[in-house]
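These protein sequence lines are chains A and B, in that order. Going by the numbering used here, the letters in the first sequence line up with residues 207 to 668, in that order. Going by the numbering used here, the letters in the second sequence line up with residues 87 to 1008, in that order.
You may find that some hints are simply not true.
[To be verified] Only part of the chain A face toward chain B is listed, based on derived beta-carbon distances under 10 Å:
(1) Arg248
(2) Ile398
(3) Lys528
(4) Glu604
[Claimed, not checked] In the PhoX-like style, the derived pairs of lysine-lysine whose C-alpha atoms are separated by at most 25 Å in a straight line are:
(5) B:Lys957 - A:Lys609
(6) A:Lys430 - A:Lys472
(7) A:Lys611 - B:Lys213
(8) A:Lys378 - B:Lys247
(9) B:Lys213 - A:Lys314
(10) A:Lys611 - B:Lys957
(11) B:Lys139 - A:Lys609
(12) A:Lys627 - B:Lys139
(13) B:Lys164 - A:Lys641
(14) B:Lys247 - A:Lys343
(15) A:Lys641 - B:Lys771
[Unchecked claim] Partial chain A-side listing against chain B, Cβ under 10 Å, derived:
(16) Gln354
(17) Asn358
(18) Ser582
(19) Leu597
(20) Tyr602
The set of hints was computed from the structure by calculation and includes no laboratory data. Predicted model only: the values in this text are computed from it and were never measured. For glycine and all other residues, C-beta sits at the position ideal for the given N, C-alpha and C.
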Amino acid sequence: MSSSCQPQSPAVAKSEVVVEGECPLLAATFAYWDNILGPRVRHIWTPKGDQVMFLSDGEVTFLANHTLNGEILRSAECGAIDVKFFVLAEKGVIIVSLIFDGELKGDKNTCALSIILPQTELAFYLPLHAICVLRLKHVIRRGRIWMQKGYNIISVLSLEIVSIMELLASMKTHSVPEEIDITDSVLNDDDIGDSCREDFLHKAISSHLQTCGSSIVVGSNPEKVNKIVRTLCLFLTPVERKCSRLCRSGSSFKYDTGLFVQGLLKDSTGSFVLPFRQVLYAPYPTTHIDVDINTVKQMPPCHEHSYNQRRYMRSELSALWKTDSEEEIAPDSVLHTDQAFTPDLNIFQDVLHQDTLVKSFIDEVFMLRPGMSLRSSYLAQFLLLLHRKALTLLKYIEDETQKGKTPFRSLRNLKTDLDLKEEGDLNIIMAMAEKLRAGLHSFVFGKPLYTSMQERDVLATF
Amino acid sequence: MIGASDVVALTKEDEYSQAIPDPWALPEEFSIPLHPLADSNPWAKTAYAKFTKDFILISEFSEQVGPQPLLTIPDNPKVCGTFDLNYFSLRIMSVDYQASFVGHPPGSGYPRLSFVEDSRVVLGDSKEGAFAYVHHLTLYDLEARGFVRPFCMAYVATEEKKIMLQFQELSLRFSQASECLKAGNRRAFAKELQRKLRDLEYTHSVLQREEGLQREAGPQCIYSAHTVEKANELANVEKSIFEHRDLLRQISSYHHRPRRDPHAAACNKCVTECWSECEELLERYAKLASPFCFNEEERRTEEGQHQFDEEGVERLDEGDDTSVKRRLSYTPQLIKAKSTKCFDKRLKTLQELCDSTFYEATVELLKETERSFRGDLCYMHTRRLEKSLCRKQRVTNFLFEEEVGDDDEEKETLRPFCAVNHTRDTFPLSNPPPIVLGTELLEFDQLEPSPPPVRSSTVRHTQDSELGLVESHFESSPSDQTLETQESSEETKGSFSSDKSGTCAAAEAQHDNSSDLTPDPDPERESSSEEVETTAGGEEGDQTPVSFLDVMCELEALQENGSEGQTQPLLLPIDTACCIPQEGFLYESEAQICLTPKSPQPCQISVVNQEPQSLFPLPDDYTMGTPCLQNPAAGLELPVGSLGDGVSHTSAEDGSDCTISTSTGSDSTALSLGYGGVVTLRQRKKAGHGALRFVRQYPFAMQALWCLLSGRTLVVLGADEGRVRRLVSALALFVPGPGKYGEKVQAWLSCSITLTDLQRWKLIGLQRVASPVGSNMLYSLSRYSRYISVLDADQRTLRCPPYRGHLLTNIADHRTFIRRGATYFLHVQSTLCHLAARAFLFTFTHHLHLPVCSTEGPEVVEGRRRCFLQKQLELGEEDSQILLYLSQLITQHYLHTSTGHTDAAPLFSFKYSTSLLYKHRP
């Protein structure tokens, strides 16, 4: 690191965050473009604990300033949050910067919220990039309102920065490996009912696939929870597995928005309280699996989830806008402040739709002898089938609608042509296609305020 | 008169309410849209993008005019549309990425070259709808400020996700390109330094002489102003010489510095070559211990010891007698005291900054990169996943999937060579990045047959453009002469002496037998082969054979090694218990046999002796002419199985006995599907169009597909070659295990078919001719009509056994609403994948094939198998036949692979059941 990087004067405010375990994050910074002095760093967050690499404040400041270079040319839409991603081999760091406009001291400024990691963590970080950006973007939306009101943005940002540090630290130790040995999963059981009931396993996997591979597994026994976590992760891509987390024995991690599969341990009272807001802010609907009582619940499909999520976000931002006090406003308190919005708190519903794809797979895979690669091969074939069906469905809709130029009106034909007559099968394939082409559910199922059932009834009449 | 209240009353409620904004309402700029663009149209990436296709942009931060675009790939103005490249260059180059000192550091006597690592940035311009992966690099230029010229190479796309998901691959590719440019630049820089040093030495000698003359001319101890000026000038030149020597030393030490970038993809060979050249130069100029004694005579003497090539690189003189041929391409120039102003001088172009070999190689590499990242992300993503999944199911891949290499192959194709085609082992990437999401890997079909970038005398090209050679071979090989055809010819003429499964062997066979098959060999091909041999690198130390055969054999050897490596671990985990006994059960019940010459045990047991008579009449066309059976004694008797299936247990010799001597696929018009090359995904996708058309146009398409999938040979008969070929190409999608080169398919045959042909090919395009030859041919059809299905393309009829199953209804429904062939191909792929999975399940479900107790007989096991098919998989009789056939293929393939064979001998099965004639009624 260059020795010419001197700390700025006056000294930059700094917060040290106590993080359990090794946090791969070197620092987080909030910088802005001062119209007279140029790039300035306002605040630095650093983890306090074991770190592989150390950056001095001067170096952090230098890097933070670096992120704003060139942003004097910024001509983004009002309210846009742009992401810049640097890999600076010369400095041996990765910087993720979110650039946005904010009002500081009555002036419009270009600001940057950045996180800095060592370059050696590139492979670790890349799969988690989308999650970090998603979460930082929303906290910036909140922060911009706070800035507009002349309040201190740092307190708003701190909440999410700390949370991301904890997430990265937890992923460092408990992330699901890219390759999972099938012997660590339920699919290695001699028979279908050995670890869990057949219908439970079927329902869990089916719902897991219907909710785009996003699931939370709760239970009292960490081994049991992790076995189901690994089983569900078998149905994910390697990158998605890297965004999944095993359950920690002893004390549970808290729920983290954006992870695909996460195992959570119940407390001594036998319960785990899920934060409504965070669950709703996940990019995909979630399946809730309780391995203690063998229940599977799922959130509504993607388009409803997306609609509910956006409504909630808008309400939260409105509530912040209407606040007339700088006192910390807890993110979840929006429920009580906004009288106009009453979200349906009962977001987890029973799995209603039956499928044939997973059902037959579960029935058949246990016929193959365990302990060899037969089941792995069969699983690979099953996943290949799902991916191909998803791509076929996508292409079918693409052809029918001329790449979205005309509305899609032939759901019945699609079901017949692609052999997706069972509602559960369609849900699974649609969910996989949604991951390939975001917004597909909303496009196909029309007005998002309808429930999926209502909408399909309407469409089926065509 | 209308009052205000009336106006209000006529106003719509929502408009009225919008007219008075709520002061507490959240402004849109702080909110998020309830219905984002993706919800209304998921295909609309962004509303603002002014270009449609991704491209690569090379920009420079010019010290004269600032950031400027230099080059786009593809070099087509239409690609960028109205997108403002100047503005975007300004945006991507305005990042201060170096942050390293350039020029004279404090306390240092000489200017320092800054060896900065490349930077990688992903940024976007949301307003323009453009996102870019930007790779910053620095090149050296003696004339530039601080000796550095900042450049960047950017991959510009409309999707940020596409870039982030493929960040590591992009980084890898652009690192390669950057290292290549930099290697070329260091060479060019060293040469420039060399020229500069020669200029300086020459200038120094001139100044020294002038100064001496002035000193001698003037009075003692009194120096005129002019003399002093000369002396200062001389001192400046001396200083400059030292500085440039130091620069040469610095550039020579480039490779000694520790690399800070763990993701740099430098080629050791390039670095070493460049280093050795610089070292040589450094040594030469270091030896000029007293350059200040340099005078005209010495210069002449030196010139006598050196000669220069076109690029100014010195070579040692070969001998005095060649001195007349010496020429000096670079004459040292006198350097003026005052150089031109910064803005007067012309900056070097990127080509001039780099050695031309390296520049062109870099551009080629970037073009290839652009090609490989072209396309929709979701297709690339799925393709990538498919490849990784296919790698886990090698047992069934041969049925309907493309050939998938092992992991090593993937790594090789991801970064096969350095940009100037040095061999891959020269890459020392100590920490190869794990792949997050890859591009479509390079395939033979994707590589254009481009020649090696440049065959420079200064760069040793080992294995120049191996891929290019292979590609050109595939393209230049006569389309109607496939490996399969020739093999067929050889075997049907003589005997089935060997099972040539290896491609190398096949290639050799092709080479050896070409004179037999083609009396007039293709002169183009020969010349190209010669050309390759003559252009083999004859550089020092490079003895790599690059002749056509050598390259082929090397490639094949690699493949063989790879296949050995991949089959071994594959076999370990799977239990063969269900396969080995199954072979017995299968062949007992279905009475099928491999027609493998070197595996005589089962063949000898079950040789059939008599050919059954045709049980049903053929259409007129089939029976026209005089039947001509050359060897009527060679009849075959096919045993009838318990289920009505008859299988010919025959040997190769038997097959050859009954072969009409003029038959075989050796006809020059015969063509296998792959045109002599690997059947690629692209070809199969194209075939999807034909398949969809076939399904739509022929109401009996389902029966035809069933024939193919259940192993019954389908003959497509027609007079129009193009039509038959198209049909065959479309139907070939449904041939299980068609072979890497489409060996199971014969697209066009203009002679009679034989029993051997039926065993060899599962789909045959047959020419209908109205001649004695034609009558023979039709007779042969009539003769084997019991065992084959015949699709008459001219009369639009199909003769085959009836199919009443439901497994294929989904891919052969002529009322399908699938519009495009590509979509239909995807649909077919997923259906066939499902079939393969079920066949796998059936094959490897142990308890189905093994007796539970010693008292259990084969019929009980057979019953269990049937029960499984009917009850568990809910398949009818005809559908079961598909599964059984696929299962047999899997078993056979698996057992052959486990015994070290790379290719399984084809199955030969017959089914005794009444055929029906299906007609198309327009």
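Status of each hint after checking the structure:
Among the interface hints, the one on arginine 248 of chain A is violated; its C-beta lies about 20 Å from the nearest C-beta in chain B, farther than the 10 Å criterion. Taking 10 Å as the C-beta contact cut-off toward chain B, the hint placing isoleucine 398 of chain A at the interface is violated, the least distance being around 14 Å. Annotation: interface hint on lysine 528 of chain A holds; nearest CB of chain B at approximately 5 Å, less than 10 Å. Proximity of glutamate 604 of chain A to chain B holds as hinted, the smallest CB-CB distance being about 7 Å (cut-off 10 Å).
Distance check on the hinted pair: lysine 957 of chain B and lysine 609 of chain A sit about 42 Å apart at the alpha-carbon level, beyond 25 Å; violated. About 12 Å separates the Cα atoms of lysine 430 of chain A and lysine 472 of chain A, which keeps this hinted pair within 25 Å; it holds. Restraint check: the Cα-Cα separation between lysine 611 of chain A and lysine 213 of chain B comes to about 22 Å, which is no more than 25 Å; the hinted pair holds. The straight-line distance between the Cα atoms of lysine 378 of chain A and lysine 247 of chain B is roughly 24 Å, inside the 25 Å bound, and the hint therefore holds.
Pair hint lysine 213 of chain B plus lysine 314 of chain A holds up; C-alpha atoms about 18 Å apart against a cutoff of 25 Å. With a C-alpha separation of about 46 Å, the suggested pairing of lysine 611 of chain A with lysine 957 of chain B is violated against the 25 Å cut-off. This hinted pair checks out: lysine 139 of chain B and lysine 609 of chain A have alpha carbons roughly 16 Å apart, not beyond 25 Å. Of the supplied pair hints, the one linking lysine 627 of chain A and lysine 139 of chain B is violated, its CA atoms being roughly 37 Å apart against a limit of 25 Å.
As the CA atoms of lysine 164 of chain B and lysine 641 of chain A are separated by approximately 31 Å, the hinted pair breaks the 25 Å bound. Using a Cα cut-off of 25 Å, the hinted pair lysine 247 of chain B and lysine 343 of chain A holds, with the two alpha carbons roughly 15 Å apart. Using a Cα cut-off of 25 Å, the hinted pair lysine 641 of chain A and lysine 771 of chain B holds, with the two alpha carbons roughly 24 Å apart. For glutamine 354 of chain A, the shortest C-beta to C-beta distance to chain B is roughly 7 Å, which falls under 10 Å, so the interface hint holds.
Against a cut-off of 10 Å between C-beta atoms, the interface hint on asparagine 358 of chain A is violated, since the closest Cβ of chain B lies about 17 Å away. The interface hint given for serine 582 of chain A holds, since its Cβ lies 6 Å from the closest Cβ of chain B, which is under the 10 Å cut-off. A cut of 10 Å between beta carbons decides the hint on leucine 597 of chain A: the least distance to chain B is about 5 Å, and the hint holds. A distance limit of 10 Å between C-beta atoms decides the matter here; for tyrosine 602 of chain A the minimum to chain B is near 6 Å, and the interface restraint holds.
In summary, the numbered hints that this structure violates are 1, 2, 5, 10, 12, 13, 17.
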